[in-house]
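Listed here are the chains, written in short residue letters.
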Amino acid sequence: MNVLAVYSIKGGVGKTSSAVNLAFNAAHSGYRTLVWDLDPQGASSYYFRVKPKIKGGSKDLIAGKRELDDLIKGTDFENLDLLPADFSFRNLDLVLDAKKKPTQQLKKLLKPLAEEYDFIFLDCPPNISLLSEAVFEASDILLSPIIPTTLSLRTLDQLKQFIEENGLKNLALIPFFSMADRRKKMHREIMDNLIESHPEILTAAIPYASDIERMGLERMPLGGYIKKSQSTKAYNELWQEILARCINN
Amino acid sequence: MSLHFEFPANLSAEQFIAQLSDKADAQLVSRHYSIKTYYDSFDWRLYSNGVTCELDRSKSASSLTLTNLKTGLVIAGAEFDDVPKFSNQFAGAVRSALEPILEIRALSSVCTLNCESYHLNITNKDEKTVLRLLIEEHELLNNRVSLQPVKGYDKTAKHIAEILTAKLGLMPADKPVLLAALRLQGRRPNDYSSKLNINLDPAMRADIASKYIYSHLLKAIKANEQGTIADTDSEFLHDFRVAVRRTRSGLSQIKGVLPDNIVAHYAEFFSWLGQITGPTRDLDVYLLNFEHYKSSLPASIREDLNPLHDFLVAKKQKAHKELATKLRSARYKTTLSEWEQYLKKPSFKEPMEQNAHLTIKELADKRIWKVFNRALQEGDAINRESPAEALHELRKTCKKLRYLMEFFQSLYPDHQIKHLIKTLKGFQEVLGDFQDYAVQEQNLKLFSEEMMVLNTPSNTFLAMGVLIQDLDGRRCSARKDFASRFEDFKQEENRSAFKSLFDAKD
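Taken in order, these protein sequences are the chains called A and B.
For what it's worth, the working numbering labels the leading residue of the first sequence as 11, then goes sequentially.
For what it's worth, the working numbering labels the leading residue of the second sequence as 43, then goes sequentially.
Check the hints yourself; a few may be wrong.
Computed list of chain B residues with no C-beta within reach of chain A, every gap over 10 Å [said to hold, decoys possible]:
hint : residue
1    : 52
2    : 93
3    : 215
Taking lysine-lysine and the DSSO-like style, the derived pairs with C-alpha atoms no more than 27 Å apart in a straight line are [as the list claims (entries may be wrong)]:
hint : chain 1 : residue 1 : chain 2 : residue 2
4    : A       : 118       : B       : 193
5    : B       : 541       : B       : 261
6    : A       : 65        : B       : 197
7    : A       : 121       : B       : 387
8    : A       : 63        : B       : 200
9    : B       : 541       : B       : 403
10   : B       : 467       : B       : 261
11   : A       : 61        : B       : 197
No lab work stands behind these hints: they were computed from the structure.
All residues carry an ideal CB built from backbone N, CA and C; glycine is no exception.
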């Protein structure tokens, strides 16, 4: 089992669409895949047409009263399951804080799923909190989408620093460009410069494209309504690069 | 909750879909024609182990699925155009599921069904699929539908299952479609087993009972004939030979019930059958043991033994060809059908033979008790210096005893006779091992002479030499074991069990 958290300190950078589409790619190539929607807004649950509600909410979940497996929903796609969000996830920080060793809790919850899934994607809410620390402890890879702007560069460096300071040695930070607009001179320049200074950034970049934006209308992963486009190609290439890193990790 | 349902007769898939659409949001996803072929070994190993193996061929795909017979859940599946014969020719999960069940037996098709499949999705108000349905429309059987629940939406599955039975008149289908399909062909599963299972009435006249036993054995001979000729797997010939040997043993051991001339005539025929099938079986045994032979050698010379494998394969093919010709010969066909006719003929009201009037129970007691005592005598006469032939003779006597006990098993309390058969079987093992190792040793020497002229690498002969040495060691240790195993067999407890079960004077 590989746990991949799709995470960024900033909001609106394409986390959810990346988590959903990468998970779709993984499942499509035959891997047993789960998306865990940790964001109380429940966007990835929405994309899979699953009600953003779990029995007992975050309290029961963290208290270990319910097996994660009983809360999982099959999506409309083969090999792809979803653990839906719940509005109570907005209080996850408080619930975690009440536990001993709060940052170990997610890891503990995920452990029984190791036999069942090859890949688990965590769709995380933005900002650095106790929950994100628990996510870092539970994950093997931190996939961080970055929009090619100067501000994004700053947040990426913040994240790197945080990982180093917290001694998360087993966590591999893998950034990639998201919502990239090659028509914009600034995007092009930042991407070219950043790749030189940050070789860990993946080469495949997810474009800023209208077919990705349509996911909200279609309520399914990109691959569910488009066979082939620049965007599907980009996600596919991105997934191949991530897969290669997982194998080497 | 059952997930499989049978339609009432005359309800078509399209009518069903129309009716279901009134009660739930159902979308037809696809519809295709396919041919399903079910596979099993000749002795129904998959079915006996609760597994069905189905190849589903349609225009666009061909896939093999192993399913749990009871739960209907899929065990493993893979894309296949042709189904391989042996489990070791599969890969992955299918192989791991098949290997321990099939062992050396081949898969062959048991029946074929044509069907039109419809895939339906049941969706909720968010247009999310919450249940999948697979409808299978057959030509000569009632149609069926299977529910494939989506994880986390069990309530929907329950709800739809209720609609199917309460509103649409479907019945839970607890038996797989395979059974219905077999019934169409006049067959049923487990219609062949290599185990002898003869039900006798103790009061039956001995001559009539003996013919009944021979008819059972004849059925086994005929059942294995085609698989032997086609060399589908080595078990056909094995079972064929066992039935032949049992018949021979019956003719010599169930004494004085059939006319002497009949016994002499057919004893000769079945002895001939034993002879012509021997060489192929011996070579089968070497080939089945081959991996074991290899692993008994030091790792550095194991691969040197491979030319022996090639030699054995070629030799077996030749032997099998000759055997197949003989099983297609007029002599074989005519004599076997004459034997069949003879067994079918009603018996004389007043038979002339001395034991024919006895009840089969009387005769069984007498024969088993006598042969058991002979086995003890022969065993007692064997000491450390006794020649191999003495052990061989005892082995034959024990085989006769075993066959008699198996023929007449139904005449005795099940638990007691089974226990004695098991004890005998254990003793037979040491005798069998001794004899087998001796024969293998001898034959390997003969093979090496034949292989000399075939430009076989010298290292192969070296490896064969080591193998012979290993077999010789095993033969010696079996010989050493004999005395203690015989002591076990003839112990008082065992003798009195035999006496109380078979000695009529007791």
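- prompt: Taking each numbered hint in turn, which are not upheld by the structure, reported in ascending numerical order?
  reply: 5 and 7
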